[in-house]
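S.K.: Residue strings, one per chain:
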Amino acid sequence: MTRKNATPPTTVRALKGVLLTVCCALIIVPFVGIVSTSLSTREQIVREGGFVIIPDEVTFAAYRALFTGGVVPRAVAVSVFITLVGTALSLASTTLLAYGLSRPNSVGHRPVLMVVVAALLFTPGIIPAYLTIDLLGLLNSYWAVILPAVVSAFNVVILRAFFMEIPAELMESARIDGASDGQIFARIVLPLSKAVLSVIGLFYAVGYWNAFFSALLYLNDSAKWPIQLVLRTYVVNQQQLGVDQVGSGNLPPQEALQMAILVISIVPILLIYPFIQRHFTKGVLVGAVKG
Amino acid sequence: MAAAWERMGAMVARPLSGPTTEVDEPPPPPPPSPPAEKPGRVRRDRFLLLAMLPGLALLLTFHYLPLLGNVIAFKDFQPYLGLGGSPWVGLHNFRVIVEGDPLFLTALGNTLVIMLLQIGIVFTLPIALALLLDSLISERLKRIVQTILYLPHFLSWVIVISIFNELLGGSGPINTFLRRHDLGTIDIIGNAAVFKELVTGQVLWKEAGWAMILFLAALSRIDPELYEASAVDGAGRLRQIWHVTLPGLRSVIVLLLILRLGDALTVGFEQIILQQQAVGIDASEVLDTYVYNNGIVQSDWGVSAAVGLVKGLVGVALVLGANRLAHAFGEAGLYRREIR
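Here the protein sequences line up with chains A and B, keeping their order.
Residue numbers 1 to 291, in this note's numbering, belong to the letters of the first sequence in order.
Residue numbers 1 to 340, in this note's numbering, belong to the letters of the second sequence in order.
Heads up, none of these hints are tricks.
If the Cβ cut is set under 8 Å, some of the chain A residues that face chain B in the computed set are:
1. T94
2. Y99
3. P124
4. Y130
5. T132
6. V236
The set of hints was computed from the structure by calculation and includes no laboratory data.
Where is the CB? At the ideal position from N, CA and C, for every residue including glycine.
Build out the structure end to end from the sequences listed, making use of the hints.
M.R.: Written out as structure tokens, the structure reads:
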């Protein structure tokens with residue numbers, strides 16, 4: 001590979017290095033600052049004008065205050081509930097639907113496939129979607145946030161393509177041994193698809209955790225707010241966090257509280273990110289998209 | 001992937017269930033295939049049919065049922081009369097579009113400007129980023145950089161906007177630094193004059209790394225011999241990019257451009273709703289926020305649904321049109337005519 005073995009001139013290499021370092025710094029530095037500010041003391045936050053890159057002294061006062069009660073623990077519980085229930089439902093129905101569509105010559109899979117593929121072409125408008133939720137009596141219910149997101153047509157298509165790549169002889173021989181479609185699904189298809197299923201599951205989970213607009217649209221009762229809505233109210237819109245919103249009477253500085261909420265909403269993403277990342281390097285996703 | 005198939009081979013070696021058959025026994029006839037009677041096939045495929053049921057029901061309820069709700073665009077919706085009882089008004093609600101209601105025109109104008117900025121910058125920069133990353137020699141370094149660049153894609157818009165406000169806002173580190181050194185301040189957050197640039201910058205920060213993935217995959221599939229041949233012919237680095245790399249990326253670029261066109265009129269709804277309070281309607285209203293503000297907030301249901309409906313139809317028409325155009329130029333495009 002001529003292109004890759006030839007060493008480019010030093011100036012080009014230096015320029016590349018600078019460019020990539022800047023790109024990475026633009027992403028990393030904000031994270032460091034947010035975590036640092038959430039851990040800083042009032043004196044230092046005031047001294048540095050509201051944002052601290054490196055704390056002199058670390059205090060967990062903001063986290064203690066947020067977790068002793070008030071809005072944040074409740075919002076985290078709501079978000080965890082929506083994420084766990086939603087991801088479980090999503091994985092189950094997406095996998096089953098994709099499997100049902102993946103067997104050539106099965107009865108009725110053609111019209112269903114048309115329904116799925118056509119769903120890729122349009123998204124329902126805001127007003128009709130709202131009317132549907134209203135019609136079903138789901139307004140102000142967590143199900144209004146979960147159910148519309150359960151099946152992503154895109155994920156069904158990806159998963160179906162993956163299932164179809166599993167060699168047919170494998171299933172034929174299982175059938176000869178007397179396995180039913182259900183057994184083939186449970187004993188052959190699922191175990192072979194662990195990697196792609198975990199990627200799709202993680203994508204669903206990230207989507208539920210990040211759900212913002214559906215919650216804004218359908219959940220009127222602020223007691224039902226997930227973490228993203230709390231974040232909007234107290235961090236984006238800068239509403240003051242008072243004793244009513246925070247468990248403890250001794251209030252840490254607003255900046256530290258705000259940044260702590262931000263950290264709390266980012267941490268679950270950071271925790272599952274390495275798992276998603278691991279599968280990228282295996283090329284599961286790109287291969288599936290291509291298929 | 002090869003390893004997975006090998007593992008499967010090992011699994012088949014031991015029978016999954018049922019009695020072991022003798023090796024030299026002739027295989028039993030295959031299960032009844034296509035020519036069988038329809039009721040027989042339904043019974044045969046009952047597991048598959050049942051498996052599709054929950055997913056299909058959810059898609060029909062939350063994706064197709066709302067389509068019926070679009071009739072509201074042709075009605076003068078009165079909540080106390082319900083959807084069925086509200087009077088039909090024909091195309092009356094579409095008048096804002098035809099006659100050019102000022103608020104609608106503002107939303108349309110902002111949408112088009114943001115769309116052009118995003119297709120111009122957010123679509124092209126990741127290609128450059130992919131080329132830059134692909135030219136790195138160390139695989140490890142490549143992986144580390146990728147890991148960092150993909151991350152913001154997984155953060156919600158609420159988080160991204162909180163981060164931008166925090167960094168670029170009046171009390172953020174940049175303005176604090178500038179004030180300390182008497183360099184004045186930069187006014188970006190909540191400034192209507194630079195809102196569209198800010199929005200574009202936010203999309204870039206969040207999505208540039210992610211958008212790069214498919215380009216990187218396509219780059220890795222370009223035949224290295226093409227580079228060698230062009231080098232032998234005396235092509236320099238830039239000519240190689242022009243004659244080998246970019247043609248190799250062409251089908252991915254076309255595919256992504258078609259997909260992007262379907263969403264062309266969808267420009268960062270959550271992103272903009274979150275910042276609208278700070279910059280005001282004039283600079284920030286786009287079609288989606290217009291539908292939301294006018295319909296859900298102000299209860300002008302019919303007009304909003306009409307605008308939403310037209311926007312959706314334009315999106316579908318753009319995808320289908322772009323796909324046809326891609327076919328005409330000999331590209332595979334988004335889909336081929338037949339669906340397997």
